[in-house]
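Q: What follows is the residue order along each chain.
2 protein chains.
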Amino acid sequence: MKNILQHINKAFDHRVRLGIMSALMVNESIDFSTLKELLGVTDGNLASHLKSLEKEEYITIEKQFIGRKPNTKYSITKLGKLEFTKHINALEKLIRKQ
Amino acid sequence: MKNILQHINKAFDHRVRLGIMSALMVNESIDFSTLKELLGVTDGNLASHLKSLEKEEYITIEKQFIGRKPNTKYSITKLGKLEFTKHINALEKLIRKQ
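Order-wise, the sequence lines are chains E and V.
Going by UniProt numbering, the first residue of the first sequence is number 1, and it counts up by one from there.
Going by UniProt numbering, the first residue of the second sequence is number 1, and it counts up by one from there.
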């Protein structure tokens with residue numbers, strides 16, 4: 001029997017990561033507070049998922065100052081786009097079986 | 001801004017649980033070893049995810065003997081079907097945004 005989970009990527013397993021990647025697929029970059037609001041999560045929770053995705057090189061972080069205020073922006077990488085697309089195709093295949 | 005994760009169900013967050021529920025949506029019941037093979041996971045991993053889904057009353061467990069061999073079968077509940085369908089619709093909405 002076939003392993004039906006073989007193309008499902010562990011790195012995207014959590015709904016917060018799905019949300020981050022989905023949002024970054026359609027926006028060139030998004031800052032921390034916008035992402036936080038969009039996903040309805042705490043600072044710590046969001047930061048930890050962003051860190052994991054950065055470690056996998058699926059997203060990049062750009063730190064800058066707007067006036068005196070620090071501002072951190074996130075973007076998806078080429079690798080991130082590729083892997084997330086694969087993941088979504090696998091997910092759709094899995095759930096489409098119903 | 002809208003919370004884009006609001007209808008994503010935490011209980012289905014892990015890919016193994018997605019796999020279990022997807023398989024049980026289309027089969028009246030499945031036994032432990034078939035599920036294990038289908039998902040390519042270890043006994044302990046599968047048992048722990050099955051327990052969580054049972055606790056939520058999304059699946060039921062039926063223990064029986066086939067000859068002298070114990071056999072455990074799993075089925076989806078009405079609640080499980082309802083909640084999983086909601087989850088899938090939310091997932092599709094989220095990832096369809098790209």
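Bear in mind the hints are in silico, worked out from the structure with no lab data behind them.
Don't take each hint at face value.
In this list, chains with the same sequence are indistinguishable; a pair is considered to hold if it fits within one copy or across any two.
[Claimed, not checked] Simulated pairs of lysine-lysine, BS3-like, Cα-Cα distance not exceeding 25 Å:
id : residue 1 : residue 2
1  : K36       : K93
2  : K73       : K36
3  : K93       : K81
4  : K81       : K69
5  : K63       : K10
6  : K69       : K36
7  : K63       : K81
8  : K63       : K86
9  : K81       : K55
10 : K51       : K10
11 : K93       : K69
12 : K55       : K10
13 : K69       : K10
Predicted model only: the values in this text are computed from it and were never measured.
Q: Evaluate each hint against the coordinates.
A: Do the hints match the structure? See the list:
1. Taking CA atoms no more than 25 Å apart as the test, K36 paired with K93 passes between copies only; the shortest distance there is 19 Å, against 30 Å inside one copy.
2. For the homomeric pair K73 and K36, the shortest alpha-carbon distance inside one copy (12 Å) is at most 25 Å, but the shortest distance between copies (41 Å) is not.
3. When the C-alpha separation of K93 and K81 is checked against a cutoff of 25 Å, the pair qualifies both within a copy, at 18 Å, and between copies, at 18 Å.
4. Taking CA atoms no more than 25 Å apart as the test, K81 paired with K69 passes in neither setting, with 30 Å inside one copy and 48 Å between copies.
5. With identical chains, the CA atoms of K63 and K10 are never at most 25 Å apart, being 27 Å at best within one copy and 31 Å at best between copies.
6. For a Cα distance limit of 25 Å, the shortest separation of K69 from K36 inside one copy, 17 Å, qualifies, whereas the shortest one across copies, 52 Å, does not.
7. In this assembly of identical chains, the alpha carbons of K63 and K81 lie at most 25 Å apart only when taken from the same copy (21 Å versus 44 Å across copies).
8. Within a single copy, K63 and K86 get their C-alpha atoms no closer than 29 Å, and across copies no closer than 38 Å, so neither meets the 25 Å cut-off.
9. For the identical chains of this complex, K81 and K55 are intra-copy neighbours only, at 15 Å inside a copy versus 36 Å across copies, given an alpha-carbon limit of 25 Å.
10. Proximity of K51 and K10 under a CA criterion of 25 Å is satisfied in both settings, with 15 Å inside one chain copy and 21 Å between copies.
11. Taking CA atoms no more than 25 Å apart as the test, K93 paired with K69 passes in neither setting, with 44 Å inside one copy and 35 Å between copies.
12. Proximity of K55 to K10 under the C-alpha cut-off of 25 Å is found in both arrangements, the shortest distances being 13 Å within a copy and 24 Å between copies.
13. Taking CA atoms no more than 25 Å apart as the test, K69 paired with K10 passes in neither setting, with 35 Å inside one copy and 34 Å between copies.
Consistency note: the structure conflicts with the earlier hints numbered 4, 5, 8, 11 and 13.
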